[in-house]
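First to last, the protein sequences are chains A and B.
Residue 78 in this note's numbering sits at position 78 of the first sequence; the count goes up by one each step and never skips.
Residue 153 in this note's numbering sits at position 153 of the second sequence; the count goes up by one each step and never skips.
It is worth saying that the hints were derived from the structure and are not from the lab.
The model shown is predicted, which means the values in this text are computed figures rather than measured ones.
Take the hints with a grain of salt, since some may be wrong.
Unchecked claim - Result set (DSS-like, lysine-lysine): computed pairs, CA atoms no more than 25 Å apart in a straight line:
| hint | chain 1 | residue 1 | chain 2 | residue 2 |
| --- | --- | --- | --- | --- |
| 1 | B | 308 | B | 264 |
| 2 | B | 322 | A | 19 |
| 3 | B | 31 | B | 215 |
| 4 | B | 19 | A | 322 |
| 5 | B | 215 | B | 128 |
| 6 | A | 74 | A | 19 |
Stated by the list, open to error - On the chain A side, residues computed to face chain B include the following (Cβ under 7 Å):
| hint | residue |
| --- | --- |
| 7 | 39 |
| 8 | 139 |
| 9 | 140 |
| 10 | 156 |
| 11 | 160 |
| 12 | 161 |
| 13 | 163 |
| 14 | 283 |
| 15 | 321 |
| 16 | 323 |
The beta-carbon is built from N, C-alpha and C at its ideal position, and this holds for glycine as well.
Protein chains: 2
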Amino acid sequence: MLEDKKPSRTSLDQLGEFKLIQHLTASFSLKNPSSVLGVGDDAAVCDFEGGQTVVTTDMLIEGVHFDLSYVPLKHLGYKAVVVNLSDVYAMNARPTQITVSLAVSNRFSLEALEELYAGIQLACGHYKVDLVGGDTTSSTTGLILSVTALGQADSGHIVKRQGVQANDLLVVSGDLGGAYAGLQVLEREKAVFKVNPQSQPDLSPYSYSIERQLKPEARKDVFELLAEWKLVPHAMMDISDGLSSEVLHLCQINDLGCHVYEEKLPIDPEVVGICEEFQINSSTAVLNGGEDYELLMALPQSAYEQIKNHPWLTVIGHFTDKQKGAYLINGLDQAIALEAQGWQAFAKD
Amino acid sequence: MLEDKKPSRTSLDQLGEFKLIQHLTASFSLKNPSSVLGVGDDAAVCDFEGGQTVVTTDMLIEGVHFDLSYVPLKHLGYKAVVVNLSDVYAMNARPTQITVSLAVSNRFSLEALEELYAGIQLACGHYKVDLVGGDTTSSTTGLILSVTALGQADSGHIVKRQGVQANDLLVVSGDLGGAYAGLQVLEREKAVFKVNPQSQPDLSPYSYSIERQLKPEARKDVFELLAEWKLVPHAMMDISDGLSSEVLHLCQINDLGCHVYEEKLPIDPEVVGICEEFQINSSTAVLNGGEDYELLMALPQSAYEQIKNHPWLTVIGHFTDKQKGAYLINGLDQAIALEAQGWQAFAKD
């Protein structure tokens, strides 16, 4: 698909590793005062001037985390950055630098890597982070991306997964299940394309969900809203594996239980429609879908008035004593034990 | 080979990703005051208290960077850490934290990963760095390791590749060519083993070179010596790709030339012996061998008296004006243009 669109193809063998990095990063400039030295030396240099530094890293592997038959390389570059920045925001910190390590087999051309880096650069621009280093090497099979993100916070502002208090509100940003619904549509179109390569599907009714899957965003806006409100959550994490498993994780490490109300779960109408089309229970998509990169937080009851009408935040339940267990309460007031299915197990079904 | 030694085999499918990380990192503890929060949250937290932070990252891929038919997993874990720490020392900074991302196919057992992490832990202990994060995922083929290292330095002490002055001394730590010689021996033994699996080679005459290849060390001692002497090099880098290409790199970015004296090149007698056995020119092994992880630095002429008799450091030449070019001067006083062969190209010969 790539070669149809871009007939020009420069083999990576023609460039050395050093020239390849120079070429791919030539149009990246440093914008953060904390970025002292970028790509090109043994290491990058940052100066956080006394603040605390957060570090997070994620690896994306072709055939495991993405399928290049429907993921455009530019989107992949964007997403690889975003999933790391989401972890930085989940610490209530501001992302400032990334490093990108890349392994590619010789089936990739220079033009393909330029597409990938265009996506990386778009994310760097949107989130105001600097690419300061990385490594480029060959792989025997496929594409491997490893991104590390650094961020900065005042020491009192870091928010961990630990710190929840009983009766804290369980609050989620945005809506859930979209990335999973988008994946179902993309997988179906891939199967159709295999049978009939001439098919021209109209994907516009699924555009929100497909974008949630291919080009997710990290909740910079929510991080900034919390700062504006001077509201520091008791605990926070991002939702990458699915709401159920993340809620259970918070319960477990804080030695608490919780009640999550099914009718409060935030879901986009398009996602409800896709779930009907695919005969998936929409609550299951929300609870176990994963990859939405929304923020899940524990907030004191006192914050309720401030957040209850804000369009970005939804109170989906509250924490309880441990002995009350971790339950989903449905519309009939029945309590169903939450189960951690996670994305991997779920995807196998 | 691994399964012969360790008959117990626990499949990775039996553990989830979260439990796997917990299991592998359970015996790692945080030792640096700058390590505020380690493995287990969305991100790690560090506090460098106003110093500057250096960041470097390297990816190692099975079949490209290592061959598990003769690289023990414990050594691989050790080396993956060391190659990153070497980059931190090359900035004249003290390494403090690492993150380790790991992708493995299901041909690896839990016991195999325990071996790998035993090597990572050994390196963390030896170099006093903390493992603070990472990512563990599945791969479709083989083993992929991506390590990011952070380090700390006072702002005036960071040494870049740029900053060389004309007439600066070109100084190298340790000796060179050993890792390359060791690789030749290991490749030969692999070929012999294929023909005759019963062969029991005596590798003791090659032990220094094999250790240089399988278990290199980063020059923490040289970093500490420079600090003790209050000597800040004008420029520094580590030698991973081979002396020639690194010297040419320093010349190029500093717009200078250089003279390197062949008779000054530091080489271990065992390496000379291996070169004779394999009919390799020993200067070629030193100039193009790579993977020795020694430090290459530009020092002012005034430092000569201090370093000339130190066993860890060798003055191998000096920088010149650019128009004089970059040359190796041999024993007959002939000037031979330095060429960047690098490790990859060299390995193909």
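- Message: Going through the numbered hints above, which ones does this structure break? Give me the numbers in ascending order.
- Response: Numbers 7, 10, 13, 14, 15 and 16 - these are the hints that the structure violates, sorted from lowest upward.
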